[in-house]
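Sequences listed follow chains A and B, in order. Going by my numbering, the letters in the first sequence line up with residues 1 to 229, in that order. Going by my numbering, the letters in the second sequence line up with residues 1001 to 1305, in that order.
Honestly, I wouldn't trust all of these hints.
[What the hints assert, rightly or not] Residues on chain A that point at chain B, a partial pick, calculated with CB under 7 Å:
id	residue
1	V178
2	G179
3	V180
[Said to hold, decoys possible] With a Cα cut of at most 25 Å, we get these calculated SDA-like pairs of lysine to any residue:
id	chain 1	residue 1	chain 2	residue 2
4	A	K203	B	V1062
5	B	K1113	A	F198
6	A	K203	B	K1065
7	B	K1061	A	I189
8	A	K205	B	K1065
9	B	K1061	A	R204
10	A	K203	B	K1113
11	B	K1061	A	L25
12	A	K203	A	L25
13	B	K1065	A	I196
14	A	K205	B	L1107
15	B	K1113	A	K205
16	B	K1113	B	F1069
To be clear, the hints were calculated from the coordinates, so they are not data collected in a lab. Note that the Cβ used here is the ideal one computed from N, Cα and C, for glycine as well.
Listed below are the residues making up each chain.
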Amino acid sequence: MSSENVSLWDEFFKGIGRMNPVYVLLLGLCSSLAITTRMENAIVMGIGVIFCLVCSNIIISAIRRFVPEDVRIPVFISIISGFVTLFGFIARAYMPAIYVALGIYLPLITVNCNLYGRAEAFAQNNPVMPTFMDGLGIGAGYTLAILGIAFVREALGFGEIMFQDLAQFTIKILPFQVGVLQQPAGGYIVMAGYLISFTYLSKRKERKRKEDIAEERKRTMENRVKGVN
Amino acid sequence: MEVSIGPHIRGDWDTKRIMLCVVLALIPSAVAGIYYFGYTALEIIVLSVLGAQITELIGLKVLGKPTEFDGSAMVTGLILALILPPSAPLWVPIVGAAFAMVFFKLLFGGLGKNIFNPAAGGRVFLLLSFAAVMASFPAPGADAVTAASPLASTGSYSYMDLFLGNVSGSIGETCKLAIIIGGVILIALGLIDYAVPLVYALTCMVIALVAGADSLYHLLSGGLLFAAFFMATDYVTTPITRRGRVIFAAGLGVLTMVTRLMVGTESISFMILFMNGLVPMIDRFTVPRSFGQPKKERRARKNEQ
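Please put together the full structure from these sequences, using the hints given.
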């Protein structure tokens, strides 16, 4: 039981760190650039992706033995688009302002590479429980990634964090606005900054790991030599 | 394939010397800007140059590259200051210069590897971010009076005022006499190709003529001449061959005049960045004929196919 738990949590956490969909797999970049002008939009977009990803992942994983290889793509797409449409209706009913702000990017969750990528790469080959955790993890990773971009863009670009729909408050952060961050170019700049730091950190980690392995090997060799002597 | 025209022998003109000569050529414009717009223009110029220089020093240290002074950051800072409005608050040149150096030069790999003109990039960043402070131009000699720049109120200035720079505009862009002096210095030293400003100016004038606008007025207003001499001739971000440079200048002229006549505002910095992006393509289509290769070989081969 315990070993199974560990591996399930690993499925969850890999989506946030090691296999972060935006910063490591570079999937779903279009929406992460487009809807990150406001934190609020990013939260709703993140919830939408988590919801659609988890639900469609579960279904795809559950029916994976009955879907013929040749028609898997239309099957996956119809399942995903069903949930996206559902979420679209929910958002339209309860959060009309955000629904308008997200615009085309909400229906476009259907073709978000993350959803199809997880269906193809994970859900169709794995049982329901790991698939559920994988979807949750990737969705959470995506949400955290776009929240990171949206925070920088809103805090610096508008000089304030403003919530209108989910909650109602405004936090003043800067006395001025860096207007370029409200625009698409700013999205690219912020995302590039995150990508640079993410890549730098993971490279450093990798290097450290290799050094550790080399050190370990050296030590065992020395021990072995000592043992022989 | 790398395109580079021969001869490939190195002369005694190193980067530092060239950059200091460019600074020398920019000094008339700077002096004219200080003369017309007063002490604030001097402050902006100093802060911009210092901002660029210090940012480059820190950036090179962080990247672990040699931090030898080569003057290129100074040129970027100076050009950026000269295309800023004289009424800009003092943090504007510092922020702009730092952004230009980090995002348009250091992150691309430093001098020689930046595909976009850093000064133009810095100005575009400032314009997109702080439109309010970047779009107000004071009248020369006055502190608080904002005047319409010549392009915004066509025909309200005499040619002589435009030529001498007694109009509102960016610090170094108003005095055409000083710009031309600087440009002539650069051409006389053989540092820039006279074809670039010539083609650029002629393209603009012809388009203005065809469109029924006052072509001399267009030539003498806005940042056209400054960009022609100091930004369209940047070594790193413009094509290598003369044919390429002529295409570059002509394209720049078309874009400049199209935005002036159809949009009504001027945005030469945007156009410089746009044409910078096309440079690799221009370079690819203007590979010079190798020595000994027949002139019509390429065309003949095309016909065969």
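Results of checking the hints against the structure:
Checking V178 of chain A against chain B: minimum C-beta separation of about 5 Å stays under 7 Å; hint holds. Taking 7 Å as the C-beta cut-off, the interface hint given for G179 of chain A holds, the closest approach to chain B being about 4 Å. Hint on V180 of chain A holds. Least Cβ distance to chain B is approximately 4 Å, under the 7 Å limit. For the hint pairing K203 of chain A with V1062 of chain B, the CA-to-CA distance comes to about 17 Å; that is within 25 Å, so the pair holds.
Between K1113 of chain B and F198 of chain A, the direct Cα distance comes to roughly 24 Å. Compliance with the 25 Å bound is thereby established for this hinted pair. Using a Cα cut-off of 25 Å, the hinted pair K203 of chain A and K1065 of chain B holds, with the two alpha carbons roughly 20 Å apart. For the hint linking K1061 of chain B to I189 of chain A, the alpha-carbon distance of about 22 Å falls within 25 Å, and the restraint holds. Using a Cα cut-off of 25 Å, the hinted pair K205 of chain A and K1065 of chain B holds, with the two alpha carbons roughly 23 Å apart.
Note on K1061 of chain B and R204 of chain A: the hinted pairing holds, with a Cα-Cα distance of about 19 Å set against a maximum of 25 Å. The straight-line distance between the Cα atoms of K203 of chain A and K1113 of chain B is roughly 24 Å, inside the 25 Å bound, and the hint therefore holds. Taken as a hint, the K1061 of chain B and L25 of chain A pair is broken in the structure, with Cα atoms around 31 Å apart against an allowance of 25 Å. The suggested pairing of K203 of chain A with L25 of chain A holds, with an alpha-carbon distance near 15 Å, which does not exceed 25 Å.
At roughly 18 Å between alpha-carbon atoms, K1065 of chain B and I196 of chain A fall within 25 Å of each other, so this suggested pair holds. With a C-alpha separation of about 22 Å, the suggested pair K205 of chain A and L1107 of chain B falls inside the 25 Å cut-off, and the hint holds. As the CA atoms of K1113 of chain B and K205 of chain A are separated by approximately 29 Å, the hinted pair breaks the 25 Å bound. Between the alpha carbons of K1113 of chain B and F1069 of chain B the distance comes to roughly 17 Å, so the proposed pair stays at or under 25 Å and holds.
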